[in-house]
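Residue numbers (the numbering used here), protein chains in the order written: chain P, 1125 to 1452; chain G, 299 to 587.
Quick caveat, the hints were computed from the structure, so don't treat them as lab data.
The C-beta atom is built at its ideal place from N, Cα and C for all residues, glycine as well.
Misleading hints may appear alongside valid ones.
As the list claims (entries may be wrong) - What the simulated footprint calls covered on chain G by chain P, stretch by stretch (three residues with Cβ under 8 Å from a Cβ of chain P suffice, anywhere in the stretch; the number is not a length):
| no. | region |
| --- | --- |
| 1 | 329 to 342 |
| 2 | 352 to 362 |
| 3 | 375 to 386 |
| 4 | 470 to 480 |
| 5 | 494 to 506 |
| 6 | 526 to 536 |
| 7 | 540 to 551 |
The lines below spell out each chain.
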Amino acid sequence: MTANAAPARPETQASLIRRRRPNLGDPLLAWGVRILSWLALAAIIGMLLDTARNAIGLLEHTSAWDFLTGTLWQPASTVYGALPFIYGTAVTSLLALLIAVPLALGAALLVNEYLPPRAATPVAYGIELLAAVPSVVYGFWGVIVLVPVLRSVQQAVAGSALGAISVFSGPVAGPSYFAAGVILAIMILPIVTSVARDAMKATPRLQRDGALALGATHWETIRHVVLPFARGGIFAGVILGLSRAIGETIAVLFVIGNQPQINASIFAPGYSLPSVIASEFAEANQPFHPEALIGLGVILFLLSFAVNLAARTVVGRFEKRAGGADVR
Amino acid sequence: MFAERSLRATGRGRRGTNRLVFVLCLAAGALALLPLVLVLFYLLTEGLKAWSPAFLVSPPGGITSKSGGAMNAIVGTLEMTGLGLAIAAPVGLAVALYVTEYREGRLAIAVRTAVDLVAGVPSIVIGLFVYSLVVVTMGHFSGLAGAIALSLVMLPIIARTSEEMFKIVPRRLREGTMALAMPRWRAIVAVYIPTVASGIVTGIVLAVARAVGETAPLLFTALGSNFVVTDLNRPMSALPLYMFQNALNIGFPAARERAWAAALTLVAMVLIFNVLGRWLANRNGLEGR
């Protein structure tokens, strides 16, 4: 008996291994996942290369330097300069930040610090809903409702003593860098607010209580504890907002006035990188016009890539400090 | 006495500042909500005036004609979003699995970086990408190109949410599948995916909410069409495109009305998906953004 049992053990093990069905599922799923992922990667790389190749066609006509620094955009006489659009994108995005950031910080403080939860939830929800409205709706609403209101605001400012400064000078048409900045501010407000709120929420309870116990008022607690703690996160939110503002297309197209020019006055009509691509590409039939627009797309891509990279760096640094709080 | 008075004065100053900041924050909150109120107000008043159930099921008329609906746009949106999702959902899930479960070194990092890159790209540039790859290759604008553009809008959202979900599969569950000697594919298909399915669905719903409202990626991929087209090989309209084209002809009262009606329909669709997504996200303890 015992003599039989000893060799039986390895035999059972061997038969167990033999009995197990060949495992087809593992390679099947692994290869499925691999192939789909590689396909996605290949498609993305392919698109980047194809787009770059299309844009490079422009270099037969205009040198990269002339394209980047050219201030004239006249497809009818095949003159392509990108500067009016770069300028427009920069001005409108900065205006959007100037308007949106204070509002977003105030709203974030209101929701996080002042309002009782019962009132805070609907306010926060309302602000986040702003992000859900499609940009074409903002654009159309902007033309019909916002631009007429802003026209009188702009006329008042341009007519006042401020109008002597070239930044605020007339004539006022209505659609302008300023109108685009306001629309963009509305559109980036939710992301800046919500990232700032997440950052403020991560303030350690102890530090906050400590400040209050020392006799600080609520504002002093915010000023000296909450804001310094959330600084990185707030900055990340601002950069994310900037990245949205740079790429926003349709809403800007409706309210910026669509004039490829560089004007010091924020009340003058202008143009932005994404909006000129959107409005001219489908009908671009002049020589090198499509290539020039794709070239603008490449500039836009690089610009938003740089801003996103900056955002990621800041978020990464902030995450490390906040111990993994998610501020994406 | 002097000291006491100055102390009290500072106290009042500090309290005054405190109150002032509260009032400023209140004003900021009110100003932040004002656009939402105004947009919704105009959508409801102007939109409801122009909207009727017939709008959804009538083919479009000319720019000046009073009659005519958005059936071409509704059909196009459903078809392109549907096909886009049919591409983006499996690929997004695969990317998430590849990056979290399989983690094949540099390739996984490359895949993730590429998908993140697309997430950060302005949607108009996605339109240019798809134009360069698909429209130029096919030689014409098409619903298929539009669907691919929308799938690129959705892919990073789905991949990102699914990735986050796979990361939070409880360790105990993972160890359980190992203890049962489950092959990896069964662990993934029968345990991990069902565990986090609701989170993945949340990502999909939020992705659809985004894609349904996008105009820019469709401008020179799907192009738009005045006919009710179901053939993906032909140019096709979509609700945002339809609204865009009518909104550009603001001088014509009929076009303006159609734009409002389309805006109302579009916002209603987007909000339904958004609220659904957020509700799912809250139920699963996810951040719905």
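Against the structure, the hints come out as follows:
Coverage of the region 329 to 342 of chain G by chain P holds. Counting CB-CB distances below 8 Å, 9 residues qualify, and the rule asks for three or more. Under a criterion of three residues with beta carbons nearer than 8 Å to beta carbons of chain P, the stated coverage of the region 352 to 362 of chain G fails, only 0 such residues being counted. Evaluation of the coverage hint for the region 375 to 386 of chain G: breached, as 0 residues show C-beta separations to chain P shorter than 8 Å, against a requirement of three. Requiring three or more residues with a Cβ within less than 8 Å of a Cβ of chain P, the coverage given for the region 470 to 480 of chain G is violated, as only 0 such residues are present.
Under a criterion of three residues with beta carbons nearer than 8 Å to beta carbons of chain P, the stated coverage of the region 494 to 506 of chain G fails, only 0 such residues being counted. By the rule of at least three residues with a Cβ nearer than 8 Å to a Cβ of chain P, the coverage given for the region 526 to 536 of chain G is violated, with 0 such residues. Coverage of the region 540 to 551 of chain G by chain P holds. Counting CB-CB distances below 8 Å, 4 residues qualify, and the rule asks for three or more.
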